[in-house]
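Participant: Listed here are the chains, written in short residue letters.
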Amino acid sequence: MSFLTAIMLIPLLGSLIVAILPKDKTKLIKQAAFATSVLVAAITIGAFVNFDSSNKADQFLQDHSWIPSIGADFSLGVDGIGMALILMAAILVPIVILAGWNESQSGKWGVKTFYILILILETMMVGVFSAEDVFLFYVFFEAMLIPVYFLIGGYGQGNRAAAAMKFLLYSLFGGLLMLAAIIGLYVISGNQTGHSFDINTLSSLTIDQSTQNFLFLGFFIAFAIKAPLWPFHTWLPDAARASTPGTSILLLGVLDKVGTYGMMRFCITLFPEATKTFTPIIIVLSVISILYGAFLAIGQKEINGLIAFTSISHFGFITLGIFSMTSQGMSGATLYMVNHGFSTAALFMVGGWMISRRGSSKIEDFGGLQRVTPIMAWCFFIAGMSALALPGLSSFVSEFLVLVGTFTRYPVAAIFGTVGIILAALYVLIVVQKSLHGPTAPGNEGMSDLNLREKVAIAPVIALLVLLGFFPKPLLDAINPAATHVMVHSGVTDPAPKAGK
Amino acid sequence: MDISNYLYLSAILFTIGAIGVVVRRNAIVVFMCVELMLNAANLAFVTFSRINGNLDGQVASFFTMVVAACEVVVGLAIIVTMYRSRRSASVDDASLLKR
Amino acid sequence: MTSSHLVYLIALPLFSSAFLILMGRKADKWGHIFATLISAAVFGVGVSEFMAMHSRAGDMRAVTQHLFSWISVGTFQVDASLLLDQLSICFVLLISGVGTLIHIYSIAYMSHDKDRRRFFAYLNFFIAAMLLLVLGDSYLNLYVGWEGVGLASYLLIGFWNQKPTYATAAKKAFVANRVGDVGLSLAIMIAFAQFGSVTFDGVKAGVHGASPAALTALGAMLLLAAAGKSAQFPLQSWLGDAMAGPTPVSALIHAATMVTAGVYLITRSNFIFDGSSTARLLVVIVGGITLLFGALIGTAKDDIKKALAASTMSQIGYMILASGLGPVGYAIAIMHLLTHGFFKAGMFLGAGSVMHGMDDEVNMRRYGAIGKVMPITFATFGLGYLAIIGVPPFAGFYSKDKIIEIAFNAGGTKGIILGGATLLGAAITAFYMTRLMVMTFAGSKRWDDKAHPHESPVLMWLPMVVLAIGSVATGFLFNSGNSLVNWLAPVLNPNNVESGSELMKPIVVSSLALLAVILGVALAVTKYRTVPVEAPEDVSIFTKVARRDLLQDAFNETVLMRPGQILTAGLVKTDYFAIDGLVRLIGAVVSGTSTFLRRIQNGYVRSYALIMVIGALALIATIWVVTL
Amino acid sequence: MLTAPVLNYSLLAPILVILGGALLGVLVEAFLSRAIRASVQLTISLGSLILAFAQLWRTHSQTSLTAAVNSVTIDGASVFFQGIILVLAFIAVLLIADQDNFAAQASAVPGSEEERAAIQSGKQQTEIFPLTLFAVAGMMLFPMANDLITLFVALEVLSLPLYLMAGLSRRRRLLSQEAALKYFLLGAFSSAFFLFGAAFLYGYSNSLTLSGISAAITGGSGNDIFLLIGISFLSVGLLFKVGAVPFHSWTPDVYQGAPTPITGFMAACTKVAAFGATLRIFYVGLAAAQWQWKPIITAIAILTMAVGAIAAIAQRDVKRALAFSSIAHAGFLLTGVLALNKAGLSASLFYLVAYGFTTLGAFGIVTLVRDSTGEVTDLNRWAGLGKKSPLISAMFVLFLLSFAGIPMTSGFIGKFSLFNAAYESGNINVVIVGVLSSAVAAFFYLRIVVLLYFTEPTSDTVTVVIPSILTRAAITVCAVVTIVLGIYPSLVLNMADTFASFLQ
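Chains as they are written, first to last, in the numbering used here: chain A, 1 to 501; chain B, 1 to 99; chain C, 1 to 628; chain D, 1 to 504.
Hints were generated in silico from the structure; no laboratory data involved.
By construction, the Cβ of each residue, glycine as well, lies at the ideal position given by its N, Cα and C atoms.
Treat the hints with care, since some could be wrong.
Calculated pairs, SDA-like style, for lysine to any residue (alpha carbon to alpha carbon, straight line, at most 20 angstroms) [said to hold, decoys possible]:
#1 D:K388 x A:G110
#2 A:K23 x D:L391
#3 A:K498 x C:T216
#4 A:K108 x D:K294
#5 D:K387 x A:G110
#6 C:K26 x A:D449
#7 A:K498 x C:A205
#8 D:K294 x C:A205
To list a few chain A residues with every Cβ distance to chain D over 10 angstroms, as calculated [unchecked claim]:
#9 T26
#10 G46
#11 S69
#12 T201
#13 D449
#14 L452
#15 H485
Extracted from the complex, chain A is given alone in its bound form (with noise of 0.2 angstroms):
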């Protein structure tokens, strides 16, 4: 059995462990469901060591015919990119669980579900980053919503019906304009090499011009609202807000990266001609996200609001680096990716558990921290100081990347984002200060520090920060094949020094 057969077929048997086990044994009921997710985690680390990064095509392949009569198959297969994202998520849901260990009790219908929920979007995840079949990535792009809208809605806070609903319509609404796309392509398929949905085939197809610009409009708007590049956003930071932390991380960490990972793969290894055509725009829409994500961070009087904007700026810094079209654009950014799914896992997990202690989610509540919960405080500033790329911690490589990728092809538009990092260091650093320092604010003198169970589950995750920071070689290797080939595939290459040597 492949890896990304084990990896996807485990979480689902979790799944239905945990939906046989009576309902009111939750202790049993969360350690079945950790234990499922840490096995994920082992195995897919192993997959990651197998993985030959020296191959630049696509691994662990397999092909099984699903839907013949319109020639839809159920093939998975990872390059570079996709394992990377693959072993971040799968490192991440136990986590998430550890560190929202009674996330569950507060919801509506109880801990059973929510499990279930979790586990089933684990495998999702995995399909969507490995599926080699556009039909089946649509499927699963699709599908995963509907998990994701019941624990934003069921297990949410505030306004969480209201959140969850315009997640899902945001993102059902990009997704069927992807479908007319998917199908414009499938019927040119017809026309040109038989009905296909392999990624392969497809991105050999010759497309007239327009035709490419309308099929590239409906995948980029799309991942574009996942993304969520600007001005498609505005669901985010209200899922953000009404969601758990643990639902908070899946969503931003990982399931917002399909929208990234899907230009990547999709917009630009199909429409190599309209990506070229699009590129100046979408250019410009990344560094206005970056900027505007920054201010409106700046501008946040709640934490998780807050955290969702730094990501809109994040996200504005990856889709820079992608359509940079240089390798270090490129590479920088899904580094980037996976990244930013641990700072913000980081973010997410130690801000629910300052505003679980605190009871409420407002800046203005919190402060002096550093003295009454240290090692709390120590995790928060550390998360924030990924957030802000600092030298040493790892989103400083990929944002570094990404800058010098865009800076060779796109300087103006470098320098800019290069500005973002003043930004990013006063919306760290406002609320660092206004939380961490100051005299004890009111509310805050009996806060606990961190448990045993909350240390276990912080501690990779900040390890992580740092050792890929120091030592981000590994992914590297395994992600620069994959994505020189995109740019091989577009026939592009990176601009050569102006001064030689």
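Given chain A, put chains B, C and D in place with the hints provided.
Facilitator: Relative to chain A, chains B, C and D alone:
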């Protein structure tokens, strides 16, 4: 006399029927207007049968009559129950189902 | 030449700081000792490396150590590897040496603070980051150290961040530095885009092929970075507030080492600045402005630490100016950097010692006649004082005189202006330092009886003494036989460029400088014979402005902060009303239509029939239109 | 000297069986004692449905134009349509079997002494079963009819019983009767249009058979005015039955008023039959004149999708809402008519299967949600149902998701193949509107989900009755089909492909 006049006549009958359906209140009358439209169609069938010189049209008109008869049965049944339960045959009174 | 020990210089303090933080309260007992020993060990390694280097021939002196491949994407190859050459060894010794002294000093100074362990962890972290900064063999490695020291400085300025103003000061420092970092980032990007490499050697190799414009841009960005880190105009505003940190920190980070990183960056990038006269001009302008700027502020400050900070700013202005004068200047800049490292650190420790005795009073107007109760502090401080104002044969005399000299020799009106500026600076320096001395140590006691000023413990005065010796001897040491300049020449002046014109004989310059100093001192002594305890309000508009740091904060607030806040608030509204509002509008339109459609479903069978008729007619009509 | 027409009974067997069953039902209603009537009727209905299906299975591979003297065509499509109708009807009967939904004595005046007596004595008239069978017979005939007369007859045979069945609700009888009246009047009105159109097509082509009409159009000799009147009025009749805008007005009222099982039956089976006929007429008879009717049908398709999706949002009554959603689906199916290619046909076939099961399931669940006075269709009172009876709500959500076309449900595959066919035939604008209106429709379905799960129950929330074994079976089957066709659609897709052919 030009045979196409029969077509005009049927068209006129059909129109009258249609207008009747729209303007009249009494269910029975409305229903009669529908019957009028059916007969307009019949007339058309027969006329075309004449023009085309084959009998299919006339056969069709027989079928129509039979069907119309069945319709009367069902229709009257419905209208009568309506009338019995509401003591009125006005279609405008039957407007509880809305919005 | 490679060496395998360089990594210890960074690893030791880095891990010890991590260790101390992770250990938590358990390490409170011995944490400070441990940290100090580590720092001393680092100094030991540094010295041994220096010995080894000294014993080698001039061109064999640089050693490198390759650790691991850090980032490699396409042609963007950055290794984590270290370079120790004649330039960096100076810094290594300064950082670890002064650093160790300040560790020792802090043991006593911070003895009452329950967070002393954390303080020492930070100090070690700073040492590690600063050493990485000077040891990195590429701009990107340097950048890591660069931000590292920024972080350390943030943490240490905000060490007592329960006090909101201190926390704010820390944040301010970090942000100002970030502005500089933008410069450094862009510089690295330009370097990569131009030369396809970001290592010092790689860039150096490419410089000849590069366009002057590119080099100017590169230089300008590096200068921006330097301005941020070294509190140069226009990014100087944070240094004054940075005095919120514990005094040892001010001594180590904000006087001796970190703030001079900008000078290191520029001298290290000498090959770039050699390539662009425009960039060099920018550098000297910034340096010149800052040295006067700082000096002027210094004349009006009553807070002893802020006065010293202003002086630091001005002294670094000297260094920057010198480094802007090209090959002849780099070494001089470094010399002044080193001497300044000694005497300024010494004076800060002295100030700390005074505060220690005066239970943290910083207002010099409440001092006076401290010299009698704190003889050692007075003596060491005094030596530092003599050094900074440039009295021969103290350290500052050699380094500063050299700067004034080469400034005059820059040639033409440029030379005159620069020389004049440096000379004026020297005078003002003499003035404000004398003012400081007089207000603090001389005159009559102005402190109230609650305070019981007393000499500090040995752990505190010992480092001061060492530094004092430094500020006496180093100048002579470096200057004898141009030892330092020659030592640095292979790195900073490989093709032995000599100073172009010679406007005046050195002796003339020196006497001019001395004259200026004497003027300054005399003025100060006469002006501050008596000092009112309350700062007089009826002072010249100039003094008022100088007290407010020449309005730099006011400027930043009105030009940057306020507009920024307005913009932010505006964008928040935009997001809600414009962008999200549009979406809501669409939703409203749809549901409105929906309600309308529900309404027209009015339940009257006849109107349904009518709708059908209309539909039928429409059907016919369109088909008709299409058909004909 | 006339020769007796030759009928191929073996090929007509399925429909004959149903008619036989219907007649038998009438006799049973007349002569059997009340006590056993209901069960006997049920047995007869189910039995004849199964038997008919068996017959269909026996002959499913045969094709013929002359099974009944050119008046019906036996081909892949017709077999498939009959198959779907039989299966869906079977499930519908399972729902109908829950007699509690129907008037004990339809003739009795609502609220009259007579009625109360009928209810108390448990005298339950069961004419609903033969009526259903008659309707099914008509529905089976409709898509296979090859000439205008047969089409008209079939149309009436399927409509007349439905008119009556719509009026048979036990509770809210006034509404039910009103629904019957509206359905009847408008239905008759539309069939008048149909007939008039038929007459003019005959006049144009001098033939009653679709192939003859098609030939005449290709020949182009006839009078275009006749053709145009013919096409338009014929379309009016058909579009009325499929419930396309602007001929849809009856749908919400009738769906709301009729007894819910009947609504389900209508929504599922009538759609299949009506689209069967529509597809045959347009593919076989009028394809040659497509450049005339395509624009307006396109417009109608777009209008139908949009109006159905948008109007559904503001509805407060579950059945009305579902009615509008069925209108929207009619719009989607019209894109299949527009495609005019094999893909379009097979896509429509699949879609009808998927849609039919989902619809029956949804209405089946509606029958279960009640309070003391019977079914509750007011959406606001469904609030918080998810807490009360999670399983039922979950199933309902499943059906809604399928309506919305979320992947892993049958609705998605159906939508995909339909849009694909439309795109291939070049009707891209329809596809665009289709996706957009799906997005709007999604909002409406989600609204219900929110209502079920995320809204706190109001005081007078309803209860879900324990479903009878038959109802349970019906709903379960629908749910299973909905999921299976979503995950492994090949089962039906391949079948649809093989059967998707019209015999000219």
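Participant: Each hint: holds or not?
Facilitator: Now for the hints, and whether the structure bears them out:
For a cut-off of 20 angstroms, the pair hint linking K388 of chain D to G110 of chain A stands: about 14 angstroms separates their Cα positions. Straight-line distance between C-alpha atoms of K23 of chain A and L391 of chain D comes to about 15 angstroms, which keeps the hinted pair within the 20 angstroms bound. For the suggested pair K498 of chain A and T216 of chain C, the alpha carbons sit about 15 angstroms apart, so the restraint of at most 20 angstroms is met. Pair hint K108 of chain A plus K294 of chain D does not hold up; C-alpha atoms about 51 angstroms apart against a cutoff of 20 angstroms.
Proximity of K387 of chain D to G110 of chain A is assessed by CA-CA distance (about 11 angstroms); at most 20 angstroms being required, the pair is judged to hold. Proposed proximity of K26 of chain C and D449 of chain A is supported: the alpha carbons are some 17 angstroms apart, at most 20 angstroms. A hinted pair counts as satisfied when its Cα atoms are at most 20 angstroms apart, and K498 of chain A with A205 of chain C qualifies at roughly 14 angstroms. The straight-line distance between the Cα atoms of K294 of chain D and A205 of chain C is roughly 72 angstroms, outside the 20 angstroms bound, and the hint therefore fails.
Even its closest Cβ contact with chain D, about 18 angstroms, leaves T26 of chain A beyond 10 angstroms, as expected for a residue assigned away from the interface. The Cβ of G46 of chain A sits about 29 angstroms from the closest Cβ of chain D, beyond the 10 angstroms cut-off, so the non-interface label holds. Against the 10 angstroms criterion, S69 of chain A falls within the reach of chain D, whose nearest CB is about 4 angstroms from its own CB. In this structure T201 of chain A is separated from chain D by more than 10 angstroms, as the shortest Cβ-Cβ distance comes to about 17 angstroms.
In this structure D449 of chain A is separated from chain D by more than 10 angstroms, as the shortest Cβ-Cβ distance comes to about 35 angstroms. The beta carbon of L452 of chain A sits about 35 angstroms from the closest Cβ of chain D, which is more than 10 angstroms, so the claim that it is off the interface holds. At roughly 28 angstroms from the closest C-beta of chain D, the C-beta of H485 of chain A stays outside 10 angstroms, upholding its exclusion from the interface.
Violated hints, listed in ascending order, are 4, 8 and 11; each of the other numbered hints is respected by the structure.
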